[in-house]
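Fit chain B to the given chain A structure using the hints.
Same order as they appear, the protein sequences are chains A and B. Under this note's numbering, the residues of the first sequence are numbered 2 to 136, in order. Under this note's numbering, the residues of the second sequence are numbered 1429 to 1837, in order.
In case anyone wonders, no lab produced these hints; they're calculated from the structure. Treat the hints with care, as some may be off.
[Unchecked claim] Here are the simulated lysine-lysine pairs, DSSO-like style, with alpha carbons at most 27 angstroms apart: (1) 111(A) - 1449(B); (2) 1831(B) - 1784(B); (3) 1784(B) - 50(A); (4) 47(A) - 111(A); (5) 50(A) - 33(A); (6) 1636(B) - 1668(B); (7) 1449(B) - 107(A); (8) 33(A) - 66(A); (9) 111(A) - 1445(B); (10) 1636(B) - 1616(B); (11) 47(A) - 33(A); (12) 1666(B) - 1562(B); (13) 1831(B) - 1445(B); (14) 107(A) - 50(A); (15) 111(A) - 1831(B); (16) 66(A) - 36(A); (17) 1666(B) - 1616(B); (18) 1445(B) - 1827(B); (19) 1616(B) - 1668(B); (20) 33(A) - 1831(B); (21) 1562(B) - 1668(B); (22) 1831(B) - 36(A); (23) 1667(B) - 1504(B); (24) 1668(B) - 1504(B); (25) 111(A) - 1784(B); (26) 1562(B) - 1583(B); (27) 33(A) - 1827(B); (28) 1784(B) - 1449(B); (29) 1616(B) - 1593(B); (30) 1445(B) - 107(A); (31) 36(A) - 47(A); (32) 33(A) - 1784(B); (33) 107(A) - 1784(B).
The structure displayed is predicted, hence computed values, not measured ones.
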Amino acid sequence: MSLQEAENAIIEEFSMYEEWLDKYEYLIELGKALKDYPESSKTDDKLIKGCQSRVWLDYRVEDGKIIFNADSDAIITKGIISLLIGLYSGRTAQEILSSDFSVVEKIGLKENLSPTRANGLVSMIAKIREIAYGN
Amino acid sequence: MAIIEEIRSLFPVLSRKVYGKELVYFDNAATSQRPQSVIEMWNRITSESNANIHRAVHRLADEATQAYEAARDTVKDFLNADSRQEIIFTSGTTASVNLVAYSFGERFVCEGDEVVVTEAEHHSNIVPWQLMCKRRGASLKVLPVDDSGYLQIDKLDEILSNRTKIVAVTHISNVLGIINPVREIIEKCHLRGIPVLVDGAQGAVHCKVDVQDLDCDFYVFSGHKLYAATGTGVLYGKKKWLDEMPPYMGGGEMVGTVSFEETTYAPLPMKFEAGTQNFASAATLKPAIEFINLLNDNELINYNNRIRDYLLSELISNSRIHLYGVPRGTNEDKIPLFSFTVEGVHHEDLALILDKMGIAVRSGQMCAEPLMTRFGVTGMLRVSLAPYNTMEEAEYFVKCLDKAIEMLS
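Isolated chain A, as found in the complex:
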């Protein structure tokens, strides 16, 4: 699935939930599904700044594709980073940079999160883009 197709699929998935609580349920499930981030990688250099809760983002490059891994101490934040990773992990830097990341606005994440959390979201996207630029 191309990145754009994947983004559209997420937008469609989110549009099925009318209630925000149901969207949160979905994010919580995504958060719970994100596993295997090693404790030893929870270091300050992998911590994303601008989030009220702590978020760690790590990556490695395999066959020209960037593989992301992340964790957070808050489950909804973890669900958000999980959603982003689901979209952008395993893609080339070029693919990632071709996205305008408008998916987070289209699913209403940006406007429905508290400003501090929205800042965290912005920081997460900025970090993913920064990693893509560097590779």
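Same frame as chain A, now just chain B:
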């Protein structure tokens, strides 16, 4: 109950909905809502009497000045201060503490001196003293709290020394919600000639304060937690200190005469009110305090206490919840403010889900990082009630909290 309905009807915001749900506003310790009388006062000054106070002789300036000074009289009576000269208007508690830390420090604190605060302080009653200590070469000492959130008063004597120049203590911590024995602290400090500043940001809202009876040297609070407009604050100071302290800021109407060689200052309270004041907002302190006087109703007080006791017992009896600031013996030491953590659940997740259920609560460090460190947590969830909150809201909150915990577990 008739009186609660009557009181709620005075607050336009309480009838609004969020995400299609009735608003349950439980973040009163951060900002309380405003009654119609406060909104009307602000509107009236802004739409009819907008002019710079204390300066011009025209009608509008006179009306604005009258409203501003009437608020000062109301605050003076509210605190039972000895004179209106002892009531300084500021932009809030933080500004009041900064004013005292700066001006008192300039006049009375020298290298090697000490300032005492408590572990339960809001950052606003820590950082201004730290800045002053740095400037003056003084050091900061800290009175700890125990595991229940009570100040360890028995340690006060060993913390005070003959170098202690001032003690700054919160009347009620914005995290723990326990009424501190400020009278006892003031008595102990005064025996050694040490003045005391009481941070009344929460205390002025929940306790009857009589500054002469309490004998505190300074008492500070904010208007926005006390049903008044935001950007308003009060500094009460005993005249003997305020007279000795140099001005904090210069300019505007705080002067006597000005020349390039020498400037004399206006008498109190104007000496500490440099620049154009936030008069439209300050004027709202009068209707806000008049509203508080309306709350002095036994039926309402009993009702509010029942809600407090209900929430306290619900939170304490839940084995997954850890409550910080647990009253000993009687509940009379506790205001309806509850900070807690839930085992295995992040406070921010809870706040986000409760928000979508229509409930406004606070999550995070609550501007009290040293206290978070003391209890070994990165943050807490806080619910803080006002007299306009109902038992139905409290019951709905308990139900929603259970549901949120279930969702997140």
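Going down the list of hints, with the structure as the test:
1. Straight-line distance between C-alpha atoms of residue 111(A) and residue 1449(B) comes to about 21 angstroms, which keeps the hinted pair within the 27 angstroms bound.
2. Of the pairs offered as hints, the one joining residue 1831(B) and residue 1784(B) holds, with about 12 angstroms between alpha carbons and a cut-off of 27 angstroms not exceeded.
3. About 25 angstroms separates the Cα atoms of residue 1784(B) and residue 50(A), which keeps this hinted pair within 27 angstroms; it holds.
4. Restraint check: the Cα-Cα separation between residue 47(A) and residue 111(A) comes to about 23 angstroms, which is no more than 27 angstroms; the hinted pair holds.
5. Taking the CA atoms of residue 50(A) and residue 33(A), the gap is near 22 angstroms; set against the 27 angstroms cutoff, the hint holds.
6. In summary, the hint linking residue 1636(B) to residue 1668(B) is supported, as the alpha carbons are separated by about 24 angstroms, within the 27 angstroms threshold.
7. Straight-line distance between C-alpha atoms of residue 1449(B) and residue 107(A) comes to about 23 angstroms, which keeps the hinted pair within the 27 angstroms bound.
8. Only pairs whose Cα atoms come within 27 angstroms are accepted, and residue 33(A) paired with residue 66(A) is accepted, the gap being roughly 25 angstroms.
9. Restraint check for residue 111(A) and residue 1445(B): satisfied, since their Cα atoms lie roughly 21 angstroms apart, inside the 27 angstroms limit.
10. Restraint check for residue 1636(B) and residue 1616(B): the C-alpha separation of about 21 angstroms stays at or below 27 angstroms, so the hint holds.
11. Restraint check for residue 47(A) and residue 33(A): the C-alpha separation of about 20 angstroms stays at or below 27 angstroms, so the hint holds.
12. Taking the CA atoms of residue 1666(B) and residue 1562(B), the gap is near 26 angstroms; set against the 27 angstroms cutoff, the hint holds.
13. With a CA separation close to 20 angstroms, the supplied pair residue 1831(B) and residue 1445(B) stays within the 27 angstroms bound.
14. Among the hinted pairs, residue 107(A) with residue 50(A) is consistent with the structure: their alpha-carbon atoms are about 24 angstroms apart, no more than 27 angstroms.
15. With a CA separation close to 24 angstroms, the supplied pair residue 111(A) and residue 1831(B) stays within the 27 angstroms bound.
16. Restraint check for residue 66(A) and residue 36(A): the C-alpha separation of about 20 angstroms stays at or below 27 angstroms, so the hint holds.
17. For the given pair, residue 1666(B) sits about 18 angstroms from residue 1616(B) by alpha-carbon distance, which is consistent with the 27 angstroms threshold.
18. Taking the CA atoms of residue 1445(B) and residue 1827(B), the gap is about 19 angstroms. The hint holds against a cut of 27 angstroms.
19. Our distance criterion of 27 angstroms between C-alpha atoms is met by residue 1616(B) and residue 1668(B), whose separation comes to about 20 angstroms.
20. At most 27 angstroms may separate the alpha-carbon atoms for a hinted pair to count; residue 33(A) and residue 1831(B) meet this at roughly 18 angstroms.
21. Taking the CA atoms of residue 1562(B) and residue 1668(B), the gap is near 26 angstroms; set against the 27 angstroms cutoff, the hint holds.
22. In summary, the hint linking residue 1831(B) to residue 36(A) is supported, as the alpha carbons are separated by about 24 angstroms, within the 27 angstroms threshold.
23. Only pairs whose Cα atoms come within 27 angstroms are accepted, and residue 1667(B) paired with residue 1504(B) is accepted, the gap being roughly 13 angstroms.
24. Simply put, residue 1668(B) and residue 1504(B) have alpha-carbon atoms about 17 angstroms apart, close enough for the 27 angstroms limit, and the pair holds.
25. A threshold of 27 angstroms between alpha carbons decides the hint, and for residue 111(A) with residue 1784(B) the separation of about 15 angstroms falls inside it, so the pair holds.
26. A distance of roughly 25 angstroms separates the Cα atoms of residue 1562(B) and residue 1583(B); the hinted pair therefore holds under the 27 angstroms criterion.
27. A C-alpha spacing of about 24 angstroms is found between residue 33(A) and residue 1827(B), which places the hinted pair at or below 27 angstroms, so the restraint holds.
28. At roughly 8 angstroms between alpha-carbon atoms, residue 1784(B) and residue 1449(B) fall within 27 angstroms of each other, so this suggested pair holds.
29. Note on residue 1616(B) and residue 1593(B): the hinted pairing holds, with a Cα-Cα distance of about 14 angstroms set against a maximum of 27 angstroms.
30. This hinted pair checks out: residue 1445(B) and residue 107(A) have alpha carbons roughly 24 angstroms apart, not beyond 27 angstroms.
31. Of the pairs offered as hints, the one joining residue 36(A) and residue 47(A) holds, with about 16 angstroms between alpha carbons and a cut-off of 27 angstroms not exceeded.
32. Distance check on the hinted pair: residue 33(A) and residue 1784(B) sit about 20 angstroms apart at the alpha-carbon level, within 27 angstroms; holds.
33. Between residue 107(A) and residue 1784(B) the alpha-carbon distance is near 19 angstroms, which keeps this suggested pair within the 27 angstroms criterion.
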